[in-house]
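**Q** Keeping their order, the protein sequence lines are chains A and B.
For what it's worth, the UniProt record's numbering labels the leading residue of the first sequence as 1, then goes sequentially.
For what it's worth, the UniProt record's numbering labels the leading residue of the second sequence as 1, then goes sequentially.
Think of the hints as simulated: they come from the structure by calculation, not from any bench.
Label pairs and their computed distance ranges (CB to CB):
1) B/PHE35 x A/LEU498: 17 to 23 Å
2) A/SER235 x B/VAL47: 29 to 35 Å
3) A/GLU471 x B/ALA64: 36 to 42 Å
In silico negatives: residues of chain A with every beta carbon more than 10 Å from chain B:
4) LEU28
5) ASP166
6) ALA455
7) ALA506
Note that the coordinates shown come from a computational prediction; the quantities given were computed from them, not determined experimentally.
Just so it is clear, CB atoms sit at the ideal spot from N, CA and C, and this is done for glycine as well.
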Amino acid sequence: MTAQLAQAQGTVGNVGLNIGIFAAFVLLTLVVVYRASRSNRTASDYYAAGRSFSGSQNGIAISGDYLSAASFLGIAGAIAVYGYDGFLYSIGFLVAWLVALLLVAELLRNTGKFTMGDVLSFRMRQRPVRAAAATSTLVVSFFYLIAQMAGAGGLIALLLQIPNSDKLGQSIVIAVVGLVMIAYVLVGGMKGTTYVQIIKAALLVVGAFVMTFWVLGKYGLNFSALLGGAVEKSSKGEALLAPGLQYKNKIDFISLGVALVLGTAGLPHILMRFYTVPTAKEARKSVVWAIWLIGVFYLFTLVLGYGAAALVGPDVISKAPGGVNSAAPLLAFELGGEILLGLISAIAFATILAVVAGLTITASASFAHDVYANVLKKGQTSPGAEVKVARRTALLIGIVAIAGGILANGQNVAFLVALAFAVAASANLPTILYSLFWKRFNTMGALWSIYGGLAVCLVLIVFSPAVSGSETAMIKGADFAWFPLSNPGIVSIPVSFLLGVIGTFAGRREPFDSEKYAEMEVRSLTGAGSEKATVDA
Amino acid sequence: MSTTGERSAHGTIYQRVQASPEFGDLRRRLRRFVFPMSALFLIWYLVYVLLASYAPAFMATRLAGNFTVGLLIGLLQFVSTFLITTLYVRFADRTLDPAAERLRHEIEGEA
Chain A
1 MTAQLAQAQG TVGNVGLNIG IFAAFVLLTL VVVYRASRSN RTASDYYAAG
51 RSFSGSQNGI AISGDYLSAA SFLGIAGAIA VYGYDGFLYS IGFLVAWLVA
101 LLLVAELLRN TGKFTMGDVL SFRMRQRPVR AAAATSTLVV SFFYLIAQMA
151 GAGGLIALLL QIPNSDKLGQ SIVIAVVGLV MIAYVLVGGM KGTTYVQIIK
201 AALLVVGAFV MTFWVLGKYG LNFSALLGGA VEKSSKGEAL LAPGLQYKNK
251 IDFISLGVAL VLGTAGLPHI LMRFYTVPTA KEARKSVVWA IWLIGVFYLF
301 TLVLGYGAAA LVGPDVISKA PGGVNSAAPL LAFELGGEIL LGLISAIAFA
351 TILAVVAGLT ITASASFAHD VYANVLKKGQ TSPGAEVKVA RRTALLIGIV
401 AIAGGILANG QNVAFLVALA FAVAASANLP TILYSLFWKR FNTMGALWSI
451 YGGLAVCLVL IVFSPAVSGS ETAMIKGADF AWFPLSNPGI VSIPVSFLLG
501 VIGTFAGRRE PFDSEKYAEM EVRSLTGAGS EKATVDA
Chain B
1 MSTTGERSAH GTIYQRVQAS PEFGDLRRRL RRFVFPMSAL FLIWYLVYVL
51 LASYAPAFMA TRLAGNFTVG LLIGLLQFVS TFLITTLYVR FADRTLDPAA
101 ERLRHEIEGE A
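Kindly generate the complete structure, drawing on both the sequences and the hints.
**A** Take a look at the structure:
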């Protein structure tokens, strides 16, 4: 509880009610997940939901996967506090989908089976490329997971009124979130997780829609008047309507923009969703659904962000438990009292749970399918054993996520997700594009691009002001930063593209497998021989 | 895949299809659409990001009430994304799908 808010409104929400609404959601989704799990038999069921979802279902699930706590809490909060700069996130996150739609989704669906590694290693030497793909999948998923869990911490702080000073209390709740998420994944596999995403996406879009029109209604449906209200309430005044409040460093702003737009098509948990539909045409339909839903949702967050600035005030938001991330829930309380706060918080919570479940299944699939089955066992394993490994890995990842979330508690969620995007764009995107479109690309090129992009990106993050040497750094008090940008994208992404080319020339003596190349190219464009839907009960 | 191993004098079925004019045509049509379109939206996005970082005063210009140039250009990014999506789907449905389907039947029929 902030002092201001406590004085102004007595109390933010009713803890019992908040827990009640949230528990109802968890119970409902667990029932759905359990029912969905009864038809889980094969590896294809566990990893790809038997390829039984339609394009529209998958599109809604993709929005559910993509509209993470970063989108809802992070962007609304960033717009409320920093104004226009927060809007850049939504634009980058949306435009990025065109990369996925035009260059990646359908070709990937036609070529692969369960993971990103399937596509990258298709015409390369299997073991090294799969190991590299799995490594970068795990790293990207880990960054993304930490961001979500950090968001959970902030939200819980507000929802259960556990103050920022009570780190133990917040940690316990983060652990509970992690355990529920593990239950979804272990019981439901991809099918259960997909249903959770669909339910959550519907709740999130409807919730945001209601709040958006509620806020606009307060200003006579006049967006300009709403902006005026935000300017009036903010100590930064007019600056809220112009770029430059959050990003003083111009190059940093550009770097963030580049990472956002190129990151999406390299996110393993998004790529894996394309395998849950039966054909490339359905994969295309999923992306179209996702683009419309995500676009409309970001228009809502623009109103919600400025609305929170106008009705709650940026200074109150910054000081509230959960900080910047608490803008949307505080706005809900301002509008509809404790019931709306409870509902919106439960939705935000559901968002985190669902995204974390999606990430966990992706990371565990990549480990079991790429590393265990193909690298360690050289393909000599049964699908049953592979799924068993996937489940155990999911458990382990869940535990790591809980620990990481406790450590990252309090960081801005949108910012952490932007780092995950930078890693995805650096390590994955160049290799994906090269292997789909560049004939001469080879194993060496793939390895240089994945490991090189990953290493450069991680090193730059570690020595950036995001980690040390600034007021908002993760490690306060230390200063070992020498890289000036908090997002490394503008350096690491071009370097990774370049390393892919250099590596390809370095490995040009590798024998060119024209059979595999022909198979990959023809399959990717025509869908011949692609993985079919399993018959579903 | 049952089709991969079947060879004839001219290599696997995939190699023969890859060498066929129909497939070359499909590949050319796809690339002729997606590459320029990708360049277009990436440049348009980059222009937006550059304006936001180097011309904040311009972006803060009021158009109507408190509605600024920056918000307008930002919203136009949404519009262009929706537009390109729609154009691509129409192109893919009309041009790519029929050709891809013919080739797929040819390949799977031979398997």
